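Student: Single-letter residue listing:
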Amino acid sequence: DAGVIQSPRHEVTEMGQEVTLRCKPISGHNSLFWYRQTMMRGLELLIYFNNNVPIDDSGMPEDRFSAKMPNASFSTLKIQPSEPRDSAVYFCASSLVPVGNTIYFGEGSWLTVV
Amino acid sequence: QKEVEQNSGPLSVPEGAIASLNCTYSDRGSQSFFWYRQYSGKSPELIMSIYSNGDKEDGRFTAQLNKASQYVSLLIRDSQPSDSATYLCAVKGSTDSWGKLQFGAGTQVVVTP
Numbered sequence: 001d002a003g004v005i006q007s008p009r010h011e012v013t014e015m016g017q018e019v020t021l022r023c024k025p026i027s028g029h030n031s032l033f034w035y036r037q038t039m040m041r042g043l044e045l046l047i048y049f050n051n052n053v054p055i056d057d058s059g060m061p062e063d064r065f066s067a068k069m070p071n072a073s074f075s076t077l078k079i080q081p082s083e084p085r086d087s088a089v090y091f092c093a094s095s096l097v098p099v100g101n102t103i104y105f106g107e108g109s110w111l112t113v114v
Numbered sequence: 001q002k003e004v005e006q007n008s009g010p011l012s013v014p015e016g017a018i019a020s021l022n023c024t025y026s027d028r029g030s031q032s033f034f035w036y037r038q039y040s041g042k043s044p045e046l047i048m049s050i051y052s053n054g055d056k057e058d059g060r061f062t063a064q065l066n067k068a069s070q071y072v073s074l075l076i077r078d079s080q081p082s083d084s085a086t087y088l089c090a091v092k093g094s095t096d097s098w099g100k101l102q103f104g105a106g107t108q109v110v111v112t113p
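Protein sequences, first through last, are from chains A and B. Under the working numbering, the residue at position 38 of the first sequence is numbered 38, and the numbers go up by one with no gaps. Under the working numbering, the residue at position 91 of the second sequence is numbered 91, and the numbers go up by one with no gaps.
Incorrect hints may have been included.
[Stated by the list, open to error] A short, non-exhaustive set of chain A residues, derived as facing chain B with CB atoms under 7 Å:
#, residue
1, L43
2, Y48
3, F65
4, A88
5, F91
6, T102
7, E107
8, G108
[Said to hold, decoys possible] DEER-style ranges, computed between Cβ atoms:
#, chain 1, residue 1, chain 2, residue 2, range
9, A, R9, B, S12, 30 to 38 Å
10, A, E18, B, Q80, 39 to 47 Å
11, B, P113, A, S73, 43 to 51 Å
In case anyone wonders, no lab produced these hints; they're calculated from the structure. As the structure is a computational prediction, the values presented were derived from the model and not from experiment. Where a beta carbon is used, it is the ideal one built from N, C-alpha and C, also for glycine.
Please build the complete structure, drawing on both the sequences and the hints.
Tutor: Structure representation (structure tokens):
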């Protein structure tokens with residue numbers, strides 16, 4: 001079975017550019033999460049969707065960040081304009097709630113903003 | 001105060017020994033607890049979940065939960081070099097939506113041959 005699929009796996013961009021990260025959750029899962037991981041702050045939840053609806057976006061750092069989930073099989077996380085401090089690994093994860101507690105992570109998108 | 005706290009390590013463990021990892025959490029009403037393993041450059045993967053006080057064993061892994069002390073631990077018996085990774089403690093808070101987890105910063109484990 002395919003896991004959570006993220007693209008791009010690696011992105012290097014210049015400060016001020018728009019960055020779009022993409023995610024395809026596991027088929028049948030009803031919850032999708034965007035996490036950011038840095039050495040300084042660890043793994044932080046940015047936003048959480050349930051049945052394509054944003055439930056909790058309290059972790060989104062500022063207005064430069066936005067996330068959408070237009071359907072059950074696709075989500076995007078956009079940063080515009082990007083800044084060097086946005087450099088991190090961005091993980092998408094999915095789960096089937098309330099049936100299961102397990103959150104399955106994608107391989108991550110490694111973002112470097114120079 | 002962070003909601004989920006772990007010692008960052010590194011925790012150096014001789015091959016074959018027991019690795020003991022600790023995690024404390026601040027939300028007394030938390031009910032669900034998880035341990036994830038993350039290899040360098042990889043994504044976190046779930047290795048254990050525990051919901052009731054006491055011990056839960058799965059192969060070489062044992063999770064221990066003490067809700068009164070707000071403490072959860074992970075024991076790795078017969079540690080192998082392949083156990084070298086960062087171990088993340090995750091907690092579902094009492095007011096968190098189902099499926100939302102708070103992660104600790106992780107404990108790096110290094111198993112030396």
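Student: Could you check the structure against the hints above and give me the numbers of any it violates, in ascending order?
Tutor: Result: hints 3 and 4 break, sorted rising.
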